[in-house]
Amino acid sequence: ELMLTQSPGTLSLSPGEGATLSCRASQSVGNAYIAWYQQKPGQAPRLLIYGASRRATGIPDRFSGSGSGTDFTLTITRLEPEDFAVYFCQQYAGLRCTFGQGTKLEIK
Amino acid sequence: QVLLVQSGAEVKKPGTSVRLSCKPSGYAFNTYAIHWVRQVPGQRLEWMGLIHVDNGNTEYSQTFQGRLTITRDTSARTVSLDLRSLRSDDTAVYYCARDGRGYYFDYWGQGTRVTVSS
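Going down the list, the sequences are from chains A and B.
The number in my numbering is simply the position in the first sequence, starting from 1, with 117 added.
The number in my numbering is simply the position in the second sequence, starting from 1, with 785 added.
Same shape as in the complex, but just chain A (with noise of 0.2 Å):
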């Protein structure tokens, strides 16, 4: 089963500043299709990124993702308070898609 480590495992940061968030494959990831979820307390996730560059649809630019082969990055500019929250990233070229255990991003 394809594997997916999120580090680091909580960031802290102040708005305004940048975030990276690392996502690391057991096996390489083909086609790229990783995708990025933004997760708050009490509700449920919300795609941000698939195929590892793709915003979806409503997503503000200041979320970026990049990445190939193993090693996947979500990057946030310029942090908003509402940026703070929990971040999954998936794979969806496996038998079966996996998730990986989530970065919280925490205000400092």
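Possibly wrong hints are sitting among the right ones.
Computed spacing ranges between beta-carbons, pair by pair [what the hints assert, rightly or not]: (1) B:Asn840 to A:Ser131: 48 to 54 Å; (2) A:Thr194 to B:Arg886: 25 to 31 Å; (3) A:Thr194 to B:Thr816: 43 to 49 Å; (4) B:Gly800 to A:Ser129: 42 to 48 Å; (5) B:Ser873 to A:Glu118: 40 to 46 Å.
In silico DSS-like links for lysine-lysine, alpha-carbon gap of 30 Å or less [stated by the list, open to error]: (6) B:Lys798 to A:Lys221; (7) A:Lys225 to A:Lys157; (8) A:Lys157 to B:Lys797; (9) B:Lys797 to B:Lys808; (10) B:Lys798 to B:Lys808; (11) A:Lys221 to A:Lys157.
If you are wondering where the hints come from, they were derived from the structure by calculation, not from laboratory data.
We put the CB at the ideal spot given by N, CA and C, even for glycine.
For this one, chain A is given, so just place chain B on it according to the hints.
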């Protein structure tokens, strides 16, 4: 706008079954597959299965083979999940989610909390 509205919270005893429903709106019902994903407290999200709403074909994670059935009712425009032989570790929030044309999920329901306890 696209919405997926799920049924309410459930409390079940071990060994019993639960049926959850998901009612999408805001798009043509037959044109997108619907997935079910669950979130056990403290664990990562877990894909359970999907249904191709146009033809009723299903795919299930091996983790749930034999215990899980996903169906759709095209007249009621509803997708249902049946999970049998419930265990305490099935306690989770269950989400339905629309397929974004490739096994990623572009719209999610609000989630249904299922508690399995004796």
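ask   = Has the hinted range 40 to 46 Å been met by the Cβ atoms of Ser873 (chain B) and Glu118 (chain A)?
value = violated (24 Å)
ask   = Is the Cα-Cα distance between Lys221 (chain A) and Lys157 (chain A) 30 Å or less?
value = Roughly 10 Å separates the two Cα atoms, so the pair holds.
query = If you check the beta carbons of Thr194 (chain A) and Thr816 (chain B), does the distance land in 43 to 49 Å?
reply = Given about 35 Å between the Cβ atoms, the range is violated.
task = Measure nothing beyond the straight line between the CA atoms of Lys798 (chain B) and Lys808 (chain B); if it is 30 Å or shorter, mark the hint as holding.
result = holds (26 Å)
key: Pairwise beta carbon distance, Thr194 (chain A) to Arg886 (chain B), judged against the given window 25 to 31 Å   = holds (28 Å)
message = So if I understand the rule, the pair passes when the alpha-carbon distance is 30 Å or less; does Lys157 (chain A) with Lys797 (chain B) pass?
response = holds (27 Å)
inquiry  = For a C-alpha distance cap of 30 Å, please report whether Lys798 (chain B) and Lys221 (chain A) respect it.
reply    = With Cα atoms ~33 Å apart, Lys798 (chain B) and Lys221 (chain A) exceed 30 Å; violated.
Outcome of range test on Cβ distance (Gly800 (chain B), Ser129 (chain A); 42 to 48 Å) = holds (44 Å)
query = Should the hint that Asn840 (chain B) and Ser131 (chain A) are 48 to 54 Å apart at their CB atoms be regarded as holding?
reply = Given about 51 Å between the Cβ atoms, the range holds.
request  = Would you mind confirming whether the straight-line C-alpha gap from Lys797 (chain B) to Lys808 (chain B) stays at or under 30 Å?
outcome  = Answer holds: Lys797 (chain B) to Lys808 (chain B) is near 22 Å, not above 30 Å.
query = Does the structure keep Lys225 (chain A) and Lys157 (chain A) at a Cα separation of 30 Å or less?
reply = Holds. Lys225 (chain A) to Lys157 (chain A) sits at ~17 Å (cutoff 30 Å).
Consistency note: the structure conflicts with the earlier hints numbered 3, 5, 6.
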